[in-house]
Amino acid sequence: MNGLTKASLATAAGLVLGLWSAEASLNSEGIFDVERIGAWRVSPRAGTPDADPYTRAGLERSGEIPLALGEGLRFIAHVDDKGRALDAACRYQVGVRTPPARYWTLSVVDRKGFPIENPAQRYGFRSSELLRAANGDFRIAVAAAVQPGNWLPIGRRQSFALVLRLYDSPISATAGGINPRALPSIILEGCP
Amino acid sequence: MTERGWLSDAAAIALSAILLGALVHLATILVIPHVATRDAYARLAPLGAVNATILLERPGPTNRLLPYEDPAVASAFCRFDLRNGPVRVKARIARSGFASLSFHTRPGSVFYALTDKASVHGQLDALVLTAAQLRAVAARDNEDEPSQDLRIVSSSLEGFALVRAFSEQPSLYPEAERDTRSLVCLTEPPPK
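First to last, the protein sequences are chains A and B.
Under this note's numbering, the first residue of the first sequence carries the number 1, and numbering increases by one thereafter.
Under this note's numbering, the first residue of the second sequence carries the number 193, and numbering increases by one thereafter.
Just so you know, these hints were derived from the structure itself, not from any lab.
Note that the structure is a prediction, hence the values are computed from the model and not measured.
Even glycine gets a Cβ: it sits at the ideal position worked out from N, Cα and C.
No false leads were mixed into what you were given.
Label pairs and their computed distance ranges (CB to CB):
| id | chain 1 | residue 1 | chain 2 | residue 2 | range |
| --- | --- | --- | --- | --- | --- |
| 1 | B | Ser363 | A | Val96 | 21 to 31 Å |
| 2 | B | Asn334 | A | Gly136 | 50 to 60 Å |
| 3 | A | Cys191 | B | Gly197 | 54 to 64 Å |
| 4 | A | Lys112 | B | Ser288 | 31 to 41 Å |
| 5 | B | Gln361 | A | Asp87 | 23 to 33 Å |
| 6 | B | Val376 | A | Lys112 | 28 to 38 Å |
Work out the full structure, taking the sequences as your base and the hints as a guide.
Printed below as a string of structure tokens:
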């Protein structure tokens, strides 16, 4: 093998390796700057100028307009409380409380962050439109089939994620200090 | 070639490939926000001219413009360009629900945000300017009558202002949209 062959082999392999690993690291959504709180993840610095390069590159690629700290926080869950990936064939119960916020919403999104088509045309719940227990607790049934009470349909059978947004919340600036029990739990109720 | 020679060649190629790969990886991550073809600004820019107020379509499964938009929140934006002078940004919030006005740089970070709690008689009002424009404006300030302006320095010449309005019920979404339509962006004469 001559020198030129060796150099070109190394260059080609290096390029492939570098681009592949950059792509992979962006698709694995959040290596740095991500707080894991139970099943939920949050990037409290995502919208700020001091976000790390991976978070910034990830935002560029997704096109998302992040919430500022003063506006609120966005949490995302791809797994249930026991760490199992959310499955559209199963039924989940989300509740019973959230951290303090003027308003919050819970919605279902696909892998890219868009609402999923469903016959009920319901893509999320607002804190201001929920049925609640007498003590203020709430339970949202996340399932493809119709459920009594607060039903959040999943729509098509595909991988999905749950997004929780807290608007105007005093905890905004201190995401590191959120107790997992203050966030809604995601409990697998059964798979047919 | 001996077996040993072949092995040391392979090792040298692998090592150079890994080193080059690491460089390519880092360069890719750092360059992405600057080439920015898929970020929020790049997606918003084709929708209208600078300073024009543009209402974003209601988030739903068929609206694929921006991911992770809240279906309960109406939004409108205007792009600003500070080359011709500071830009006055105003929004009128008529309802009691959550609303916010946030300012985003061209590369995508939020550099300022205020919520409806900061509104004066239902009006949110701010002046976006460059550091040089701020110095020029401040030099003309009358010390006896301090300016009531909220002045926000932008680190980038281009960017956009976004108004978000929360709808407490699905039926109130059109009213939230009406609030966001009150966004006004106006270039002021450059300070001399």
